[in-house]
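Relying on the hints, combine the two individually framed chains into one complex.
Protein sequences, first through last, are from chains V and U.
Residue numbers 1 to 164, in my numbering, belong to the letters of the first sequence in order.
Residue numbers 1 to 622, in my numbering, belong to the letters of the second sequence in order.
Please note: incorrect hints may appear among the correct ones.
Stated by the list, open to error - For lysine to aspartate or glutamate, the following EDC-like pairs were computed, each having C-alpha atoms within a straight-line distance of at most 20 Å: (1) U:K477 / V:D16; (2) U:K273 / V:D16; (3) U:K613 / V:E98; (4) U:K273 / V:D28; (5) U:K273 / V:D13; (6) U:K552 / U:E504; (7) U:K414 / U:E404; (8) V:K46 / U:E320; (9) U:K170 / U:E320; (10) U:K477 / V:E102; (11) U:K445 / U:E518; (12) U:K559 / U:E504; (13) V:K134 / U:E270.
These are calculated hints, taken from the structure and not from any lab test.
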Amino acid sequence: MTNEDKLIEQIIDRYDGEVGMLIPMMQDIQAECGYLPADHLRRLGKRLKVPLSRLYAVATFYASFRLAPKGAHEVTLCVGTVCFLKGAGRISEAIIREFRVEPGGTTRDRLFTFQAVNCVGACAVAPVMLVDGKYYHGVTPQSAIEVLYGLSADKIAAEKEGSA
Amino acid sequence: MIELGNAKLRSAADLEHMQEELRARHTPSAKCVRVCTGPGCAAKGSPRLYELFCEAVERTGADVEIEAKSVGCHGLCECGPIVLIQPGNIFYQKVEEPDVAEIFRETILGNRVVEKLLYVNPATGQKAVTPEEITFYKVQKRIALAGNGLIEPTNIGDYIAEGGYIALAKVLSSMTPEEVISEVEAAGLRGRGGGGFPTARKWRSCRDADGSPKYVICNGDEGDPGAFMDRAIMEGNPHAVIEGMIIGAYAIGSEQGYIYVRNEYPLSVERLKLAIEQARELGLLGENILGSSFSFDIRINRGGGAFVCGESTALMASLEGRPGEPRAKYIHTVESGLHGRPTNLNNVETWANVPAIVNHGGEWFSSIGTEKSKGTKVFCLVGKVRNTGLVEVPMGITLRQIVEEIGGGIAAGKRFKAVQTGGPSGGCIPAEHLDARVDFDELTKLGSMMGSGGMIVMDEDTCMVKVAKYFTNFLQKESCGKCTPCREGLAQMFYILDRITDGEGQVGDVERLEGLAELLEGTALCALGKTAANPVISTIRYFRDEYDAHIKDKRCPAKECRGLFRYEIDPEACKACGICLKNCPVDAITGDKKVPHVINQEKCTLCGMCWEKCPFTAVLKV
Numbered sequence: 001m002t003n004e005d006k007l008i009e010q011i012i013d014r015y016d017g018e019v020g021m022l023i024p025m026m027q028d029i030q031a032e033c034g035y036l037p038a039d040h041l042r043r044l045g046k047r048l049k050v051p052l053s054r055l056y057a058v059a060t061f062y063a064s065f066r067l068a069p070k071g072a073h074e075v076t077l078c079v080g081t082v083c084f085l086k087g088a089g090r091i092s093e094a095i096i097r098e099f100r101v102e103p104g105g106t107t108r109d110r111l112f113t114f115q116a117v118n119c120v121g122a123c124a125v126a127p128v129m130l131v132d133g134k135y136y137h138g139v140t141p142q143s144a145i146e147v148l149y150g151l152s153a154d155k156i157a158a159e160k161e162g163s164a
Numbered sequence: 001m002i003e004l005g006n007a008k009l010r011s012a013a014d015l016e017h018m019q020e021e022l023r024a025r026h027t028p029s030a031k032c033v034r035v036c037t038g039p040g041c042a043a044k045g046s047p048r049l050y051e052l053f054c055e056a057v058e059r060t061g062a063d064v065e066i067e068a069k070s071v072g073c074h075g076l077c078e079c080g081p082i083v084l085i086q087p088g089n090i091f092y093q094k095v096e097e098p099d100v101a102e103i104f105r106e107t108i109l110g111n112r113v114v115e116k117l118l119y120v121n122p123a124t125g126q127k128a129v130t131p132e133e134i135t136f137y138k139v140q141k142r143i144a145l146a147g148n149g150l151i152e153p154t155n156i157g158d159y160i161a162e163g164g165y166i167a168l169a170k171v172l173s174s175m176t177p178e179e180v181i182s183e184v185e186a187a188g189l190r191g192r193g194g195g196g197f198p199t200a201r202k203w204r205s206c207r208d209a210d211g212s213p214k215y216v217i218c219n220g221d222e223g224d225p226g227a228f229m230d231r232a233i234m235e236g237n238p239h240a241v242i243e244g245m246i247i248g249a250y251a252i253g254s255e256q257g258y259i260y261v262r263n264e265y266p267l268s269v270e271r272l273k274l275a276i277e278q279a280r281e282l283g284l285l286g287e288n289i290l291g292s293s294f295s296f297d298i299r300i301n302r303g304g305g306a307f308v309c310g311e312s313t314a315l316m317a318s319l320e321g322r323p324g325e326p327r328a329k330y331i332h333t334v335e336s337g338l339h340g341r342p343t344n345l346n347n348v349e350t351w352a353n354v355p356a357i358v359n360h361g362g363e364w365f366s367s368i369g370t371e372k373s374k375g376t377k378v379f380c381l382v383g384k385v386r387n388t389g390l391v392e393v394p395m396g397i398t399l400r401q402i403v404e405e406i407g408g409g410i411a412a413g414k415r416f417k418a419v420q421t422g423g424p425s426g427g428c429i430p431a432e433h434l435d436a437r438v439d440f441d442e443l444t445k446l447g448s449m450m451g452s453g454g455m456i457v458m459d460e461d462t463c464m465v466k467v468a469k470y471f472t473n474f475l476q477k478e479s480c481g482k483c484t485p486c487r488e489g490l491a492q493m494f495y496i497l498d499r500i501t502d503g504e505g506q507v508g509d510v511e512r513l514e515g516l517a518e519l520l521e522g523t524a525l526c527a528l529g530k531t532a533a534n535p536v537i538s539t540i541r542y543f544r545d546e547y548d549a550h551i552k553d554k555r556c557p558a559k560e561c562r563g564l565f566r567y568e569i570d571p572e573a574c575k576a577c578g579i580c581l582k583n584c585p586v587d588a589i590t591g592d593k594k595v596p597h598v599i600n601q602e603k604c605t606l607c608g609m610c611w612e613k614c615p616f617t618a619v620l621k622v
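Same shape as in the complex, but just chain U (with noise of 0.2 Å):
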């Protein structure tokens, strides 16, 4: 841990010193080793995996250089946890307690690689020792995740020795607000929470609106499930987003920012805490920042566990201590948002983007990625693929880049069916359209949406109308009751599916549901209503079939549906082991040792017991 001075840095020179005297600190020959305690990998374990590199590092003694960091997540979840040594770049994954003392002795003191410990290429067979011989990482390009995985984020020291805060810096010593703006502007920044509004403009308006004081504010309530991208920049590089913050609020003309954290998400409140009073410590935020004469302060609040909450302005209601109702927008939240006053919302990617563009410039910025949406975007790639984790791209590369040169492809050699994109209120998109690429303009063409970023990817084992239905389930419990069409609407669209999906569908079903999306669409007042009939809408564009096959024949064509589909056992791969048979609830398997067991239909409830149990997997869905 690098120590710092308790002085208050007063001016962009004072910062710029203390960055110098950070980094002449570092040897080149010293070691470190990189812990991922990332959301996967710290639900794999990995914080007691850091505990046991600090202790072996203490025990080391003081004649090697050798320290320990607990990073943000690194991305490749699927091979978590990950760890990395420096020097050489060493990724090491799936490590495991005992393999510390191993990566200590051989790779730490020796400088040797554990083989055992690489990433094994599952098409070539060949290792790769640095992340930048995978092609998870090589077809990727960070921006937003750029200190993810490098930085300490419980560390200032270590964000400003890697050039934080130097952006703010430069905004305050050299740039007017109007500068900062225009910078914005070129780089085409358009907000990555889903809407993929200009950056710049909101900001503008908010600027020219009247009345004071004005407020920012991150969103950092990350509801979609399926998402965490929000949740690992917050974790893994808090300070990206308050600088974000900072420059934002001096562009717009603000004093005070609020960061609008999910409730569910208790480390990211933790760090963000901490990052912001390490800030104010240092006078990056609070009174006269940097010795200028801005001023601004920044307080987190947790969500209540709310997904509409995630809407602008249902979140500022909840800021107000009100249940998050989402109010019409005739009138925008850049003129009369929290109390009424100017405020501008953004999203915390959108936020993390901002140092870099002022460091880069907009031009920079607006090289990468498509015509209408520049940059890159951080999507989290989960589902059934086999590297699953968080990635960051340019925008406008192909969804198949994205399932299966990073993704590599789908898992146990199951088909591609769909990849659902956009959250909750996102669509599905099929095979067809795996060419189509990635910006915000493409994926609404689509009937989807690039929401916040969740890219989850479905095989053929996957039913398409249960989707439809999960995510009508999933937004009609968290639909705010206010209106009428959302509240009443998805109540019966998910009865209809339900009925569907019971095997009880009636012929004209599906018309009905388009006719409740219709309406949901035009009539619902907030961005979730207007939105929730997408995963409808999108499985009836792309899986036509599937819903004819569950009302017309009763038939699940990928056997998920209970009723709509049988088991059987295959006398083949039957070992007769007897496993089936203890376990069947209601006796409906019948055999004997050495007699392939038989399933009796007329018995069976279709509990799926036996699919289960069975270690042969001689027990198939027909």
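Isolated chain V (complex conformation) (with noise of 0.2 Å):
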């Protein structure tokens, strides 16, 4: 058994094999393999007895599922109504004129993925961006940018340390 069917084997058992819980099955194994990739979707349907047809319609209806890989980090703009009041689009504007990437795309360098959300739930402190998890709250288009290339400054310090 390779270590892909091992990994479905489990998330499947995890569940007892009940087709309602497609959707936290999928999830597992995006939190496992930063995106949905296509032989783990065949094979999970092969093993649910779920077309793949299925699988491709939940995995594009639902935003939080990806088809494609993801960048080394993630970051997630809130537009909700108060971030978007506050001037979220003027700093979704500044990221995608900075780093050409569109809402749901990668850096070319695959440095981030850049995610806009409908409201991360943390509206009093609008806007707010979060990297990897981390709040940033009070942002402008300034501070978001310097955060980001703080990101690409990371990597180079670690790149060198690695090679050191």
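Laid out in structure tokens, this is it:
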């Protein structure tokens, strides 16, 4: 049995093979792999006797599923109502312009995946951006870009350390 | 942390005994530091403060009894991180890491108040020591949020010591399911998720429906942007939700419950999971709860990031592992819901109200509020008010009290324009209706709705057409695409709004929007589609002049829509610092040292860079 097979088996067992728990299973695959690899979905579908078309329907319906690998970091910008009122639109534009990345996309160097989501529930301190789960509140276009440039600096520093 | 025995509780008496024991462990002289780690404070770094307090407690040794607790959202997020000290209920705001040592030395060990961390009333300049002295808290009445900020959400012992699960014990030992439903009926509780459907009537229909098993669901898919009440309850007091669900399940006759939590709330999932495990260990969930013949268990499902899944039938489709598309409700979900079985779904806040109703009685609950809307409602007061945060108020309070007294009015001396309630499908209520009373029916009359409780305040700088466009775009993207009026209608509405805010609006556009809105309301399948036009309709109703200014005069009165206003430099205010000139990407600004700068309107692309960068606010929008 390959590692992939083992992973799928484990995940299916976790939910007693219940087809109703398809979404949690797919969430677990994504948590392991960072995205939903086509092979994994094919295998999951076969085991559960669910057609691949339905897995694809689920994967494309829900915004949190990804069919392509993500970047080294995960950048989530809240564009909920309050963040929007307080300037999240301009922050988003600045990130798109500066890093040439569209919401939902990953930068060319795979440094980060940029996601714009509707409300992370921290409206009182809007606008909010999350980098790998860490909250940045009261963000401005400049501060957001500084944080993201900090990521690339971190990466370079880490690489230097690795080679030294 | 209070240590608990591993023994399962086998009766109501066991639970009461445990509660007494937990309370007895507390000496009155014991000190307690409560650090708010709710969403707002956590974003400002409060988890680190909690760690520092814990370290300080450890270093102090055993001669002083001190406890540090990490608690859920306290409400006044604007002033976070918030730390409360017992005894004395001293309220410290905007606490930073270096303050920890001082609080510890002065207040905890020395019983002295650290003046600089107290809340200052902006109107009077007076300092407040306890939350009770702060207007923000004074006007509130807390039922669903009663335990928030008080108990440690990761510790079931804390919840039990404060009277938790006593309602469940009372129900199982002395009430029939019908009596429970009657109590909730007497309370007049209506669904807090937005619909406002009488909870008891829903429970009874589900109880009476044929078919088994029956399911109960807690809807924690809080998708409305600008709302985090359910998150605050799930993370700040998860056991209240679980206790409410167990009581509801008993009344309905269900053995399996689900909590459906939004994907964006990983901490809610974590807290609920832990709470469920703790409840199971004590025998409060699982087989034969508290030694009775009643068994019930709860499973948590995470959402996939689709707004429409907050709709009950879409949520159930998602729980079945399908895309979250709503279905028509000719057959109610209480008769045929999840897996075709009778299913009762309530919102987080509704469930959290249930234990209090059982404990204090339906009559007590119904004494609060208005004739048809009983009890309290939690709101997220956000946007352009001074005191942003989480508030719980009795139904019937006026919008003005919420915005001006609790919220402290509009920030930065601006003028109030509107308050948006009810989430993306709600409406905008203007200044002339600020004295309206907040209840389900009153808000609907004003063209908005209660919704789940987002309350977003907008000031004069907010363009109402742009707000309508924002919500329409949001709903257009979140439309599941199943039925045509919603899928195509919203896209057309967005297209029209987009051209209005671009300055290309045509005479007749407003009427076209109204026509599409009517179509949506009359023909869409689910609540998302039926109410999707509310933001557009309510802004047309109250702010028609702004639409006209965009369409006829090609002017944005709030100066938000790019191209519909200009930037100019005020020569009086300009200090000729040269910052705007350096930052202008198209070299449209001219000027010299000591010569006020000027924008060349021909060259200007209206990017707003100069306006953002000017340190003297000399760049004006005209």
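Consistency of the hints with the structure:
Between K477 of chain U and D16 of chain V, the direct Cα distance comes to roughly 34 Å. Violation of the 20 Å bound is thereby established for this hinted pair. Proximity of K273 of chain U to D16 of chain V is assessed by CA-CA distance (about 18 Å); at most 20 Å being required, the pair is judged to hold. Annotation: proposed proximity of K613 of chain U to E98 of chain V holds, straight-line Cα distance about 18 Å (limit 20 Å). A threshold of 20 Å between alpha carbons decides the hint, and for K273 of chain U with D28 of chain V the separation of about 16 Å falls inside it, so the pair holds.
Proximity of K273 of chain U to D13 of chain V is assessed by CA-CA distance (about 19 Å); at most 20 Å being required, the pair is judged to hold. Only pairs whose Cα atoms come within 20 Å are accepted, and K552 of chain U paired with E504 of chain U is accepted, the gap being roughly 9 Å. The straight-line distance between the Cα atoms of K414 of chain U and E404 of chain U is roughly 13 Å, inside the 20 Å bound, and the hint therefore holds. Straight-line distance between C-alpha atoms of K46 of chain V and E320 of chain U comes to about 18 Å, which keeps the hinted pair within the 20 Å bound.
The straight-line distance between the Cα atoms of K170 of chain U and E320 of chain U is roughly 34 Å, outside the 20 Å bound, and the hint therefore fails. For the suggested pair K477 of chain U and E102 of chain V, the alpha carbons sit about 16 Å apart, so the restraint of at most 20 Å is met. Of the supplied pair hints, the one linking K445 of chain U and E518 of chain U holds, its CA atoms being roughly 17 Å apart against a limit of 20 Å. The suggested pairing of K559 of chain U with E504 of chain U holds, with an alpha-carbon distance near 16 Å, which does not exceed 20 Å.
At roughly 16 Å between alpha-carbon atoms, K134 of chain V and E270 of chain U fall within 20 Å of each other, so this suggested pair holds.
Figure legend: structure checked against the earlier numbered hints; hints not met, in rising order: 1 and 9.
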